[in-house]
Amino acid sequence: ENHTETTSPILYTCDNFLKFGFLEGKISEKQTKISIYTEKEEYLDFLYFLKITQSSDNILVLELKMFFNILRYLKVLNVERDENYCEFIKSMVFYVKNFDEEYFVQSGLSAFLDFKHFDNFNIRDVLECFLDFYMFNGFMVYKTLHDYRQCQFINSKNMQIANKEYKYIVTIFLIETNFLPYLHSMSLFPCHKWRILRRLLYINRLYIGDIKDVHNSFDMNKFVYLMPNNINKAIIYASYNMSLIDKLHNSGFFKMVKNIKLIHHSSFEPFLPKMHYFKNTEILQFDIFSLEMHELNTIENLDIIRDLKMFKLIVSRIDYMKHRTPQYFLNGNKHNIFIDSSVKNKISNSQETYRMPIVDGYYKYLYGADLHFYIHTYESFNFHKFNLERIKRLKIDLLKTSGNRLKNYEFLGLFKSLKKLYLANIMLTNELLSIILRCNRLTSVCFYKFEDNNFLDDKSFNFSNSSIIYFEFKASKNTLNPKLFHFIQSCKFLQFLCFYEVYILNIGRNFPPKTENMSESQPLSSILHRPKLKTLKYEVESKFATINFHSSLNIFSMFYNIADLERLSYYVFSLYQDDLEHFSNFKRLYFLELGIVKNSPELNIFEKLINTNLLNTLQELHLNVNIFYNFEFTKLFIFRRLKILLIGLPSKTMNLKKYIHLFECKNYTFLGLYGVLDFDHISSFRYSCEIIYETNRTKKATMD
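FYI, the numbering for the sequence shown is 17 to 720, going by the numbering used here.
The set of hints was computed from the structure by calculation and includes no laboratory data.
Honestly, I wouldn't trust all of these hints.
Straight-line distance between alpha carbons at most 30 Å, and here's what the computed DSS-like set of lysine-lysine pairs gives [stated by the list, open to error]:
1. Lys550 / Lys493
2. Lys423 / Lys493
3. Lys350 / Lys295
4. Lys360 / Lys263
5. Lys423 / Lys249
6. Lys682 / Lys550
7. Lys360 / Lys325
8. Lys183 / Lys508
9. Lys380 / Lys408
10. Lys465 / Lys350
Each pair of labels, with its calculated beta carbon distance range [to be verified]:
11. Lys603 / Lys682: 56 to 66 Å
12. Asp130 / Asn424: 29 to 39 Å
13. Leu76 / Asp98: 16 to 26 Å
14. Asn522 / Lys682: 31 to 41 Å
15. Leu404 / Ile643: 49 to 59 Å
16. Ala127 / Phe647: 32 to 42 Å
17. Ser396 / Asn615: 56 to 66 Å
18. Tyr675 / Glu118: 31 to 41 Å
19. Leu204 / Val121: 17 to 27 Å
20. Glu426 / Glu623: 50 to 60 Å
21. Glu623 / Glu40: 55 to 65 Å
Note that CB positions come from ideal geometry on N, CA and C, so glycine has one too.
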């Protein structure tokens, strides 16, 4: 068969209105010519698409088919979602014709209604523009589509969700404050538009909070209609309103979603008569605070368990665990049951340990476990009851061991699937740090109540790790050993670094980062290979901060690339000139949480901040400061992309409230002003404060 080819040159320059990741990647590879092939019937559409993306104000009228073709092309070329992109989507929504399902059917365009052809974020952005056009409450939209958070019972699991970047998935978050406002608003949304969008929008996570009796005032069948068709995972918090589960079942919600997680603060018993609700589910997970022994046995023998691909149970406490008898032993023969338990597993030489039943299948189901050591040394039999290949989360507590250490840590190598490691009451040693780096599947590590023996030798961990992306250090018993920075630096793909209640000395330039090539097959040659952080959190208590007369950011920058930070939480005694220099180097910081115990009028902090790139990138600012000088708070108004602003000041000096009218003139999605009750607690802005003023504004249509 003969094919006729038609070619047209395409010019893509640095001045192009929209930037495309695909083309930018080819340019970085020094490719000056790129061939793009299209179907014959799409050739003119693609040329038109390229034309309208070269400059602003090129869109006049869009037919519906062209509208969705453009969205497909945006996905193919991997468009950068910057300010120009937002304006482009806004223009598309404003100028599109016949956006309704009836026209889709009449025009034979139903084939376009497949979410797999589109980028989730592009479709969500289209929805937001429609909501904006119909003057929906801006804070409600933000709370629902962007402010995603999760409840967790198990303390050592908190770090597991801390390193999840919900910014990179599409979410819906419904709790008591926004459940009814969102659903009532969506009820007013034009049905002919929503029927299209609900088929195209793909939600990675849907969270429904514990909303008590709110559901009783809303038709849950209507709720299901107002949800997108395509939901990957639903998380439902039902601690105080079990009737919510019944309503969702009766409305057919559980037939829509194949991956479901249920959170309940009490026992599993209320769910037992409802398990048939989930017969169409593939992955079912329960996050339960406590379990009774008999409930575990009942779960193992449920018929529905056989039909699930995976049944996960996360539990903080199992009653009468110490008094298990054979009648409560589990068979351990269901390969699809996984239990993450925070029940204390003693590692000791007591007679109780020797009598531990290896026939009990409970231990074979564990994929998350807490080990509390009571001995300095251990033997292989101490772990014989576990299925070591299955363990992915491990907490190790050495509070009861001599010197808070073990003779060796080779047993960690037995956990081949280990991803999350939580170490509490521990002495950091060369061997421990070296073995951690050698765990090649480990992604997250947390040290809690730790100290080092002052004999750390960075030659002991002079090699790189490619799997760890998250480190957390909390409640250090002594000042942080600078050599730990070398240890952290060895994780070349590290993205998240957190310090809480950790005091860092000013190590100065006499303690440089690694400059020699690393051993083994993956060299880490200092500056060019510093881990590129996405998130940095540094929160030090005031009692330590007052003696910390140096820039901690300056120290971090010696070992890690912080210029590309996206999120920064920085609670310190004062800012220094070095801090401001690093602020000026941030390229894409969109979230800043800044706590300052003592602001300095000489430093003129906010005047200098507006002369940095933060002016173009910052979208959310949480500011906790002891005082503003000379109306410097007005500098905040200049941050043009700022959507969320929260300000905390000492309650006794709360004189900012008389200037609320100035803040109200700005179109913030959310504005909060708080009186901090305990300013000595440097992060009390989030925990101990009184609400002086909170508001959210209804956005006006800006489709011009």
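Evaluation of the provided hints:
1. Between Lys550 and Lys493, the direct Cα distance comes to roughly 27 Å. Compliance with the 30 Å bound is thereby established for this hinted pair.
2. Pair hint Lys423 plus Lys493 holds up; C-alpha atoms about 21 Å apart against a cutoff of 30 Å.
3. At most 30 Å may separate the alpha-carbon atoms for a hinted pair to count; Lys350 and Lys295 meet this at roughly 17 Å.
4. For the hint linking Lys360 to Lys263, the alpha-carbon distance of about 37 Å lies beyond 30 Å, and the restraint is violated.
5. Restraint check for Lys423 and Lys249: not satisfied, since their Cα atoms lie roughly 43 Å apart, outside the 30 Å limit.
6. As the CA atoms of Lys682 and Lys550 are separated by approximately 29 Å, the hinted pair is consistent with the 30 Å bound.
7. Among the hinted pairs, Lys360 with Lys325 is consistent with the structure: their alpha-carbon atoms are about 28 Å apart, no more than 30 Å.
8. A distance of roughly 22 Å separates the Cα atoms of Lys183 and Lys508; the hinted pair therefore holds under the 30 Å criterion.
9. This hinted pair checks out: Lys380 and Lys408 have alpha carbons roughly 13 Å apart, not beyond 30 Å.
10. In summary, the hint linking Lys465 to Lys350 is not supported, as the alpha carbons are separated by about 38 Å, beyond the 30 Å threshold.
11. A hinted range of 56 to 66 Å for the beta carbons of Lys603 and Lys682 is inconsistent with their spacing of about 25 Å.
12. The beta-carbon spacing between Asp130 and Asn424, approximately 55 Å, falls outside the hinted interval of 29 to 39 Å.
13. With their beta carbons about 23 Å apart, Leu76 and Asp98 fall inside the hinted range of 16 to 26 Å.
14. Checked against the hint of 31 to 41 Å, the C-beta distance between Asn522 and Lys682 comes to roughly 38 Å, which is consistent with it.
15. Distance hint check for Leu404 and Ile643: the Cβ-Cβ separation is about 56 Å, which falls inside the suggested range of 49 to 59 Å.
16. Checked against the hint of 32 to 42 Å, the pair Ala127 and Phe647 fails, with Cβ atoms roughly 59 Å apart.
17. At about 58 Å, the beta-carbon gap between Ser396 and Asn615 stays in the expected band of 56 to 66 Å.
18. Tyr675 and Glu118 have their C-beta atoms about 52 Å apart, which leaves the hinted 31 to 41 Å range violated.
19. For Leu204 paired with Val121, a C-beta distance near 24 Å keeps the hint of 17 to 27 Å intact.
20. Taking 50 to 60 Å as the suggested C-beta distance range, the pair Glu426 and Glu623 conforms, at roughly 56 Å.
21. Remark: the range hint 55 to 65 Å for Glu623 to Glu40 is contradicted by a beta-carbon distance near 34 Å.
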